[in-house]
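J.: Note that the numbering used here numbers the sequence shown so that position 73 is 73, with each residue one more than the last.
These aren't lab readings, by the way, just hints derived from the structure by calculation. A couple of the hints might just be wrong.
[To be verified] Calculated lysine to any residue pairs in the SDA-like style (CA-CA distance at most 25 Å, straight line):
1. K329 x K399
2. K231 x P216
3. K329 x L289
4. K145 x R191
5. K145 x G174
6. K396 x R384
7. K204 x L192
8. K231 x R384
9. K102 x V60
10. K204 x L438
11. K204 x D232
12. K329 x R395
13. K329 x I454
14. K145 x E164
15. K455 x E435
16. K304 x R351
17. K102 x V80
18. K426 x L374
19. K399 x H219
20. K145 x Q157
21. K231 x S201
22. K102 x V29
23. K231 x A432
24. K399 x D225
25. K304 x V358
26. K399 x G207
27. K102 x I61
28. K399 x K426
29. K426 x R395
30. K102 x L57
31. K455 x P268
32. K204 x A189
33. K396 x Y436
34. K329 x P310
35. K204 x R395
36. K231 x K329
37. K396 x E429
38. K102 x P42
For clarity, every value in this text was computed on a predicted model and none was experimentally measured.
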Amino acid sequence: MQEPIVVRQGLWVALLAAGQFIAPPLLVVASLYLSGLVYGLPFDSQYLSLALVAGALSLVIQRLPAELASQSGTRDPGVVLGVLSGWAALVVMLLLIGYVTKTSSLFSRRVMLTWFVLTPLLLLGATAVLRWGLGRFMAIQGTRKAVVAGYNDVSQQLAQRLREHSRLGIRVVGFFDDRSPERLAMHGANRLLGGLTDLASYAKANGIQVIFVALPIRHVQRVLDLLDDLKDTTVSIYYVPDIFLSDLIQSRSGEVAGIPVISMCETPFFGYLGVIKRVTDVVLTLAVLVPLFPVLALVALLVKISSPGPAIFRQRRYGLDGQEITVYKFRTMTVTEDGDRVVQATVGDRRITPIGAVLRRYSIDELPQLINVLQGRMSLVGPRPHAVAHNEQYRKLIKGYMVRHKVLPGITGLAQVNGCRGETSKIEEMQARVEYDLQYLRQWSLALDVRILIKTALMLWGDKKAY
Numbered sequence: 001m002q003e004p005i006v007v008r009q010g011l012w013v014a015l016l017a018a019g020q021f022i023a024p025p026l027l028v029v030a031s032l033y034l035s036g037l038v039y040g041l042p043f044d045s046q047y048l049s050l051a052l053v054a055g056a057l058s059l060v061i062q063r064l065p066a067e068l069a070s071q072s073g074t075r076d077p078g079v080v081l082g083v084l085s086g087w088a089a090l091v092v093m094l095l096l097i098g099y100v101t102k103t104s105s106l107f108s109r110r111v112m113l114t115w116f117v118l119t120p121l122l123l124l125g126a127t128a129v130l131r132w133g134l135g136r137f138m139a140i141q142g143t144r145k146a147v148v149a150g151y152n153d154v155s156q157q158l159a160q161r162l163r164e165h166s167r168l169g170i171r172v173v174g175f176f177d178d179r180s181p182e183r184l185a186m187h188g189a190n191r192l193l194g195g196l197t198d199l200a201s202y203a204k205a206n207g208i209q210v211i212f213v214a215l216p217i218r219h220v221q222r223v224l225d226l227l228d229d230l231k232d233t234t235v236s237i238y239y240v241p242d243i244f245l246s247d248l249i250q251s252r253s254g255e256v257a258g259i260p261v262i263s264m265c266e267t268p269f270f271g272y273l274g275v276i277k278r279v280t281d282v283v284l285t286l287a288v289l290v291p292l293f294p295v296l297a298l299v300a301l302l303v304k305i306s307s308p309g310p311a312i313f314r315q316r317r318y319g320l321d322g323q324e325i326t327v328y329k330f331r332t333m334t335v336t337e338d339g340d341r342v343v344q345a346t347v348g349d350r351r352i353t354p355i356g357a358v359l360r361r362y363s364i365d366e367l368p369q370l371i372n373v374l375q376g377r378m379s380l381v382g383p384r385p386h387a388v389a390h391n392e393q394y395r396k397l398i399k400g401y402m403v404r405h406k407v408l409p410g411i412t413g414l415a416q417v418n419g420c421r422g423e424t425s426k427i428e429e430m431q432a433r434v435e436y437d438l439q440y441l442r443q444w445s446l447a448l449d450v451r452i453l454i455k456t457a458l459m460l461w462g463d464k465k466a467y
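Throw the hints in and build the complete structure from the sequences for me.
T.: Dropping the structure here:
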């Protein structure tokens, strides 16, 4: 299984996916070192130079095949061939470099021969471990429920292959098509669950996590209409076969059990990108939280003694994929609303305590959410999480509102540094906030996160919307 669907499920799976890129250069260098060690040769500057060149080349041309579609580990001839051909290409390039630079004679032939034989064995072993690890973690993560829009040869083949390769962790529940079961001549394990107009409501009511759109390309308008209907969900959407549509969220190509697909709505944090995002969150959070801990303890004490109620306010909000999470804040009001109706704070709000006004003015009340970041429920940067009551209100009014939950919610976000924070008394204000959130999903990069964090720090002392 390639990137688009599986590897986003959890940090450990993302780490294993990143291992596909990192393991080859590490093993190539380690193998060269061990080969020299066998013959008692020092790892001097000439071997170090060779290791750096070989490692750089392997990073570019050698990637461990870790797709989950094969049940046979490294016994799959295609897997073995992929590893061996990649290594053979690298060896040929090194020999050409050595010939052109006249440096081949600098290296022991025994060491080189041992290295050429040992390295592919290590790569095959790492491939077996990586594939086993991905399968193991996918089993722990559980099965994702999927449905298919459109019943045809391609969608039937996709469903059949997913059933055959259960390690992919995707179970097709059924199909949606506007034609009758008799006309479709459905058979075997295939089930018709309803028409295309029923798909969105079924997905929301039954916890569907993946939707494959297998409608013919000539029905592009029906595909667009279906996408509009699904914008009130957090499902991952893929088109089979490929097509280019407008307003896609993190579109990229890949395959599922050999069937080409294109993602139409996915998280940007897949594979090694998920690792980068999570590691950055943890490192920066600890760098802030550890030195500020005495200050946070003092703030909690002041909140507690200044007015009746808990120091930390807990509120239910929507997190990744619309799952309910508990978010922490310093209590700044005399109330702790978390029901079906939550009234937003306004200028001069009588519910805000004196100490709460100071905390809100400088966004100090948000600092306990650093704990949420360490828990993996939030990120430093991402769409701001809203109270459950507000989510249920706005998802009915703003198209695409729930798509913002394809990533972890953030302490700050692109919307906030562009002035979209505070009270949203008009629907247009929330609409603008959502547009920035979706722009963040489309354009995410680590550099964008850094810019948002810097802008957030600069805004703390002059934000007129903080009250």
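J.: Take the hints in turn and mark each one as holding or not.
T.: Going down the list of hints, with the structure as the test:
no., hint, result
1, K329 x K399, "violated, 29 Å"
2, K231 x P216, "holds, 21 Å"
3, K329 x L289, "holds, 14 Å"
4, K145 x R191, "holds, 14 Å"
5, K145 x G174, "holds, 10 Å"
6, K396 x R384, "holds, 18 Å"
7, K204 x L192, "holds, 17 Å"
8, K231 x R384, "holds, 18 Å"
9, K102 x V60, "holds, 24 Å"
10, K204 x L438, "holds, 20 Å"
11, K204 x D232, "holds, 8 Å"
12, K329 x R395, "holds, 24 Å"
13, K329 x I454, "holds, 22 Å"
14, K145 x E164, "holds, 15 Å"
15, K455 x E435, "holds, 19 Å"
16, K304 x R351, "holds, 16 Å"
17, K102 x V80, "violated, 32 Å"
18, K426 x L374, "violated, 34 Å"
19, K399 x H219, "holds, 22 Å"
20, K145 x Q157, "holds, 17 Å"
21, K231 x S201, "holds, 11 Å"
22, K102 x V29, "holds, 22 Å"
23, K231 x A432, "holds, 16 Å"
24, K399 x D225, "holds, 12 Å"
25, K304 x V358, "holds, 15 Å"
26, K399 x G207, "holds, 20 Å"
27, K102 x I61, "holds, 24 Å"
28, K399 x K426, "holds, 16 Å"
29, K426 x R395, "holds, 15 Å"
30, K102 x L57, "holds, 19 Å"
31, K455 x P268, "holds, 22 Å"
32, K204 x A189, "holds, 23 Å"
33, K396 x Y436, "holds, 19 Å"
34, K329 x P310, "holds, 11 Å"
35, K204 x R395, "holds, 12 Å"
36, K231 x K329, "violated, 29 Å"
37, K396 x E429, "holds, 15 Å"
38, K102 x P42, "holds, 21 Å"
Hint compliance for this structure: hints 1, 17, 18 and 36 are broken, all remaining hints hold.
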